Amino acid sequence: QFVLTQPPSVSAAPGQKVTISCSGSSSNIGNNYVSWYQRLPGTAPKLLISDNNKRPSVIPDRFSGSKSGTSATLAITGLQTGDEADYYCGAWDSSLSALVFGGGTKLTVL
Amino acid sequence: QVQLQESGPGLVKPSETLSLTCSVSGASMRSYYWSWIRQPPGKGLEWIGYIYYSGSPSYNPSLKSRVTMSLDTSMTQFSLRLSSVTAADTAVYYCARGRSSSSRHPGDWGQGTLVTVSS
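Going down the list, the protein sequences come from chains A and B. Just so you know, we're using our numbering here: the first sequence kicks off at 1 and counts up by one. Just so you know, we're using our numbering here: the second sequence kicks off at 111 and counts up by one.
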């Protein structure tokens, strides 16, 4: 259903590291920038990472992004309970001429 | 700092047209992409489309036949019209500004507004 594929859920303990994957194709991730968004319960999405790995100044360096081929990864270190949220990847799809998102990954901090 | 605020009816009848406005304050609308994104209850994000400050729109192919976006000539707000709505169009609708003047990726978002399609 979603052009970009994310795991439905991930979990880890406070203080640990977690990674969230986002898999696409050459028409989107493979040849275009990836962004990552965090949606805390009851709030609007917030931009975490742009252009594959650039972090807005207000985002802590615990959050980082990377891309390899047609996949991208969001890494969060030093997990905090406040990081519990839904995370979405997004990329422009040149074939569809559309901005496409992953289905979202729910992060649980145990 | 830019602020975006969605406004419009929270309830729309099936087959009618959904109309929303996004009011922009704190920044000029020039040289940016202005988007609409929605999120149905319990589901993921769906890009509806964007309109560039010059007035050039781009729409999601899956919605293109029903979507119209426009930019107010005062350059303080932009609008979304979605025709022939069904229950599947029930969602929280967000407006957003591109991350930078050259980016189509949303950077700043409005708080969102829930639109329910029901008779």
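Just so you know, the hints here were simulated from the structure itself, not pulled from any lab data. Only a predicted model underlies this, so the values are computations on that prediction, with no experimental measurement involved. Just to be clear, a hint being listed does not mean it is correct.
Quick list of in silico lysine-lysine cross-link-like pairs, DSSO-like style, CA-CA up to 27 Å [what the hints assert, rightly or not]:
1. A:Lys106 with A:Lys54
2. A:Lys46 with B:Lys123
3. B:Lys153 with B:Lys123
4. A:Lys106 with B:Lys123
5. A:Lys17 with B:Lys153
6. A:Lys17 with A:Lys106
Here are a few chain A residues that sit away from chain B, every Cβ distance over 12 Å (derived from the structure) [as the list claims (entries may be wrong)]:
7. Phe2
8. Asn31
9. Asp61
10. Arg62
11. Asp83
12. Ala98
13. Leu107
14. Val109
The beta carbon of each residue, even a glycine, is placed where N, CA and C say it ideally should be.
Checking against the hints above, which ones are violated?
2, 4, 7, 12
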